[in-house]
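What follows is the residue order along each chain.
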Amino acid sequence: AQSVTQPDIHITVSEGASLELRCNYSYGATPYLFWYVQSPGQGLQLLLKYFSGDTLVQGIKGFEAEFKRSQSSFNLRKPSVHWSDAAEYFCAVYAGNNRKLIWGLGTSLAVNP
Amino acid sequence: EAEVAQSPRYKITEKSQAVAFWCDPISGHATLYWYRQILGQGPELLVQFQDESVVDDSQLPKDRFSAERLKGVDSTLKIQPAELGDSAMYLCASSGGTSPDGDTQYFGPGTRLTVL
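Note that the protein sequences, when read in sequence, are chains A and B. Residues 1 to 113, numbered by my numbering, are exactly what the first sequence covers, in order. Residues 114 to 229, numbered by my numbering, are exactly what the second sequence covers, in order.
Some hints could be false.
[As the list claims (entries may be wrong)] Not everything, but these chain B residues come out facing chain A in the computed CB check (under 7 angstroms):
| id | residue |
| --- | --- |
| 1 | Pro156 |
| 2 | Phe178 |
| 3 | Gly209 |
| 4 | Pro222 |
[To be verified] In silico lysine-lysine, BS3-like type, Cα no more than 25 angstroms apart, as pairs:
| id | chain 1 | residue 1 | chain 2 | residue 2 |
| --- | --- | --- | --- | --- |
| 5 | A | Lys68 | B | Lys191 |
| 6 | B | Lys184 | A | Lys100 |
| 7 | A | Lys100 | B | Lys128 |
In short, the hints are calculated from the structure, not lab data. Note that the Cβ used here is the ideal one computed from N, Cα and C, for glycine as well.
Based on the provided sequences and hints, a complete structural model is requested.
This is the structure we're talking about:
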């Protein structure tokens, strides 16, 4: 069965430091992969998505993610974190012909000034 | 930029009362989703529409929840009667067009429900 694992429940980084949020998936075919961000009390905003092609994808707000098929991973990165990046981050995989997203449990990011 | 609209943004109600949430998807999006998100957890799909038809409502508590999308555009999610455990964020999303871009879900701002 398809699944998504975000191993880190909570991460704290200092402002200006680099960030990597981990996401591992289980899916039999080539996956469609997504990262969403959710600020407190808000809806989910799409950061970036991967369908095929170049394995390094660029998103909004300076985020990027790299698809590694051999590791079944789609980790999210940002070279320099801003205080406004504090939020909940969700990884999701599109589960094919039933048009559903399978969600990870999320990683909560805190940013120290 | 086109957005998914939801109303109300916040709703406080007492248990046993009825509540309703409204969603207007991005224009032209045929697929509409209602999710429930409990604080600290990921979204849980409640119901999925393709145009006006329900594609999946396997996780919808049908004894108290109902959803409709009569004209295949906007949608209403209703809870009657509300219970304390229904306190959550209710999110609407839509997608449309040809795969793969058409499989990208775009979310509205959500409705925060508090049941007292």
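Taking the hints in turn, this is what the structure says about them:
| no. | hint | verdict |
| --- | --- | --- |
| 1 | Pro156 | 6 angstroms, holds |
| 2 | Phe178 | 18 angstroms, violated |
| 3 | Gly209 | 11 angstroms, violated |
| 4 | Pro222 | 4 angstroms, holds |
| 5 | Lys68/A - Lys191/B | 42 angstroms, violated |
| 6 | Lys184/B - Lys100/A | 22 angstroms, holds |
| 7 | Lys100/A - Lys128/B | 31 angstroms, violated |
Hint violations for this structure: numbers 2, 3, 5, 7, all remaining hints satisfied.
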